[in-house]
Amino acid sequence: RKEVEQDPGPFNVPEGATVAFNCTYSNSASQSFFWYRQDCRKEPKLLMSVYSSGNEDGRFTAQLNRASQYISLLIRDSKLSDSATYLCVVVTGGGNKLTFGTGTQLKVEL
Amino acid sequence: GAVVSQHPSWVICKSGTSVKIECRSLDFQATTMFWYRQFPKQSLMLMATSNEGSKATYEQGVEKDKFLINHASLTLSTLTVTSAHPEDSSFYICSARRGSTEKLFFGSGTQLSVL
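Taken in sequence, the protein lines are chains A and B. For the first sequence, the positions run 477 to 586 when our numbering is used. For the second sequence, the positions run -12 to 102 when our numbering is used.
A few of these clues could be false.
Sample of chain B residues facing chain A (criterion: CB under 7 Å; computed from the structure) [to be verified]: (1) S(-8); (2) L31; (3) T69.
Under the rule of at most 20 Å between Cα atoms (straight-line distance), these lysine to aspartate or glutamate pairs were calculated in the EDC-like manner [what the hints assert, rightly or not]: (4) B:K90 <-> A:E585; (5) A:K521 <-> B:E74; (6) A:K518 <-> A:D553; (7) A:K518 <-> B:E9.
Examples of chain A residues lying across from chain B (beta carbon under 8 Å, computed) [to be verified]: (8) D515; (9) R517; (10) K518; (11) P520; (12) L522; (13) L523; (14) S559; (15) G570; (16) L574; (17) F576; (18) G577.
Keep in mind that the hints were calculated from the coordinates and are not lab data. Glycine included, each C-beta is placed from N, C-alpha and C at the ideal position.
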């Protein structure tokens, strides 16, 4: 089983739709979690941190479910500019090891 | 905010040549930098952790003699792909941490194409 798994997609959604991605992780001792956004052939950019209590930033909501070992990202009222690959990152090893998921590709269409 | 500069942005070279990629932290000191490789439609794969003033720590399966890492100062790490071959063609990205934060600041990446 991979350390971090994501559905690669692509998820094709119309503008204005709500879309959610999940990311599962295998190490129960994982301590921190992040969502990054990566545009084609660009560097990943931090989107948001993920907390057990949930984290909301505008149209984006991230959630952590430790019992089931997954994190989620919800995007409301999706925009064309949201089209990108979304990478989940799981931190283990006392903060020294960051493992990236393969990413979920989102395409928002008119 | 923190900025990490990486260059060159892209390199096209002949098979057998060596290519050096630089990664600089512009407004903070980075004791640790990371080098990743990303093939098309795949995730970032950590190649090695670069530690200032000491040897880099390589991930399993990464040849340290092929991918030379030097972290000579607190603001600069270099990755040299020695005797590059077409299978080394990939997108290479560096990242750095500022202090004890777990957040990574990424360079803009280097697209390497080996002919």
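Now for the hints, and whether the structure bears them out:
no., hint, in the structure
1, S(-8), "11 Å, violated"
2, L31, "5 Å, holds"
3, T69, "24 Å, violated"
4, B:K90 <-> A:E585, "31 Å, violated"
5, A:K521 <-> B:E74, "27 Å, violated"
6, A:K518 <-> A:D553, "24 Å, violated"
7, A:K518 <-> B:E9, "16 Å, holds"
8, D515, "11 Å, violated"
9, R517, "7 Å, holds"
10, K518, "7 Å, holds"
11, P520, "6 Å, holds"
12, L522, "6 Å, holds"
13, L523, "11 Å, violated"
14, S559, "15 Å, violated"
15, G570, "10 Å, violated"
16, L574, "7 Å, holds"
17, F576, "5 Å, holds"
18, G577, "6 Å, holds"
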